[in-house]
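Student: Chain residues, written in single-letter form:
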Amino acid sequence: MTSTTTAPTTSNSAMADFNRTTSRWGQITMIGGLLISVAGPLYLVFASGLDIGPAQLWIAFAAVAATFGIIWIVEPLTYFPILGPAAMYQAFMIGNISNKLLPAALIAQTNIGAKPGSKRAELAAVVAICGAAAVHLVSLAIFVGLLGSWLISEIPPSVLLVTRLYVLPTVLGAVLVQAIVSMKQPRTTVFALVVSAVVVFVVLPLVPSLATVSTAIVVLATILLAWIFRGKSAVAEARPIHIE
Amino acid sequence: MHQPLATQPLATNDSADILAIANNPVLWICVAGVFGVIIVQSVIFMKAARRAAPSVEMSAQDIKTSFRSGAVSAIGPSLAVSLVAIALLGLFGAPAVLSRIGLIGSAAYDVSAAGIAAGSMGAKLGDASYTQSVFAVAFFAMSIGGAMWMLATLILTPLLRKGDAKIRSVNPAAMAIVPAAALIGAFACLGLSELPKSGTHVLSFLVSAAVMGLCLLLAKNLGKSWLREWGLGFSIVIGLSAAYLAVGPAVGA
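Protein sequence lines correspond, in order, to chains A and B. According to this note's numbering, the first sequence holds residues 35 to 278 in order. According to this note's numbering, the second sequence holds residues 19 to 271 in order.
Warning: the hint list may mix true and false statements.
Distance ranges between label pairs, derived from CB positions [what the hints assert, rightly or not]:
1. Ala-48/A / Leu-240/B: 16 to 26 Å
2. Gly-241/B / Ser-82/A: 21 to 31 Å
3. Pro-115/A / Pro-43/B: 22 to 32 Å
4. Lys-65/B / Pro-239/A: 27 to 37 Å
5. Leu-97/B / Pro-190/A: 17 to 27 Å
Covered stretches of chain A, going by a simulated chain B footprint (3 or more residues, C-beta under 8 Å) [unchecked claim]:
6. 72-78
7. 116-129
8. 176-186
Covered, in the sense of this in silico footprint (three residues per stretch, anywhere, with C-beta under 8 Å from a C-beta of chain B), are these stretches of chain A [what the hints assert, rightly or not]:
9. 55-64
10. 84-94
11. 161-168
12. 223-233
I should point out that these hints are in silico values taken from the structure, not numbers from a laboratory. Note that CB positions come from ideal geometry on N, CA and C, so glycine has one too.
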């Protein structure tokens, strides 16, 4: 097995320049994207006349962090060996990594015959992600921004209402199946489903005040059970965990 | 309780109002900002890659091929993401959908974060309790979640670049088990929480789950990987159609 050195100290000054530029501007643009993306909701919360206290925001943040906090850290860790440092700054800002950016990078590398892990492969991935980003921005602007907004104004109110009411269970039904299938951990899946069923159908009806922390309880309990009862085979390798 | 029609945002339960604040011009400006940042980043990275290419024996043609390959392979997935995004427009409005589901995040995480945030206010997305304030907090939760991903990337990438041994030597068993357990646990709980809401919720959930299962099965057995990309979009559309047939136009009454 070759070492996963994606782009450490390079003797090549052109690549060193590439690393410097992408690292510097990757960070600058990502911080910019981060600030702009949080500015929108903060404006709504504090400047549009809604009566929302900071406490509500902290509670919401804590509830989300308790559910996805681990993933926030693990995902960049597992993607780094595949993407390399430069593409990390692109991927985590553009989003939809596993279903769009990774295939784009892999196809580009294959098409120019770049060996995985090589510098050519790293450059090909960065360029391919630029290409993917261009297509993605255009299709979002046209199909969601223009066509979608028009569609919303044209469809009958009853359809809009049904969409609003039931889109959540349809997203979550599909995503749950996707998560179970892509993780390939039957034992963990059983723990997750049993714990969730107990919490949702038994605990919550008895103690409704736990609703805010129910997901966090299930996440924690599933991790503990999966860890305590882990099989030998589970010690394979850490694959990227990402669901789209 | 105040009178419902007072100019008090919390008291306006009219769900149509969500789209009124969801399409606030400031939010559109922020979406344009995110688009702009990604464009600027892509231009800078393209230029840097072009400059470095000759030194690793990468021709101008290779660069062109890479760009085109990336662009072409992104067409399908981008349309698939657009379909999912359109289905969520009624819930979050175009600016939030464009910046959260279309870019930065993804449907699975952002819809979940929004649902969790709404739950923390004792509300449910989409029904009468989904007020403007709930929307604002849900949007905040999605965005701050995405911000945490970016923050983790900003902190970890330089460390990983240096090849920090400590990070690389994280127990592989823990790395294989813990994240998967967290994800399946989270989506299992969020998914099952939809079931007690109504029979139509159960139907939507089951139909969508079945469609996704079928898509993944066919993708595997027939080798049609585009089914995997479109799975979520198909599941949502067919699940919503089932819900519409079940409740009928009566829902508007």
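Student: Would you say the C-beta atoms of Ala-48/A and Leu-240/B sit inside 16 to 26 Å of each other?
Tutor: 45 Å, violated
Student: For the segment 55-64 of chain A, count the residues whose Cβ lies under 8 Å from any Cβ of chain B; is that count three or more?
Tutor: Held - the segment 55-64 of chain A has 8 residues with a Cβ nearer than 8 Å to chain B, which meets the minimum of three.
Student: Please test the hint of 27 to 37 Å on the beta carbon pair from Lys-65/B and Pro-239/A.
Tutor: 59 Å, violated
Student: Per the coverage rule (Cβ-Cβ under 8 Å, at least three residues), is the segment 161-168 of chain A covered by chain B?
Tutor: Holds: 8 residues of the segment 161-168 of chain A have a Cβ under 8 Å from chain B.
Student: Please count how many residues of the segment 223-233 of chain A have a CB within 8 Å of a CB from chain B and say whether that reaches 3.
Tutor: holds (count 8)
Student: At least three residues with a C-beta closer than 8 Å to a C-beta of chain B: is that true for the segment 176-186 of chain A?
Tutor: Holds: 8 residues of the segment 176-186 of chain A have a Cβ under 8 Å from chain B.
Student: May I ask you to test the hint 22 to 32 Å on the CB atoms belonging to Pro-115/A and Pro-43/B?
Tutor: At 42 Å between Cβs, range violated.
Student: Three residues minimum, CB to CB under 8 Å: does the segment 84-94 of chain A make the cut for coverage by chain B? Let me know.
Tutor: The restraint on the segment 84-94 of chain A holds, since 7 of its residues have a Cβ under 8 Å from chain B and three suffice.
Student: Within the segment 116-129 of chain A, is the number of residues with a Cβ closer than 8 Å to a Cβ of chain B three or more?
Tutor: holds (count 9)
Student: Confirm or reject the claim that Leu-97/B and Pro-190/A have a C-beta distance inside 17 to 27 Å.
Tutor: For Pro-190/A against Leu-97/B, whose Cβ atoms are near 24 Å apart, the range 17 to 27 Å holds.
Student: Holds or violated: the segment 72-78 of chain A covered by chain B, criterion of 3 or more residues with Cβ-Cβ distance under 8 Å?
Tutor: holds (count 7)
Student: Falls inside 21 to 31 Å, the C-beta gap from Gly-241/B to Ser-82/A?
Tutor: 50 Å, violated
The structure is inconsistent with the numbered hints 1, 2, 3 and 4, although it conforms to all the rest.
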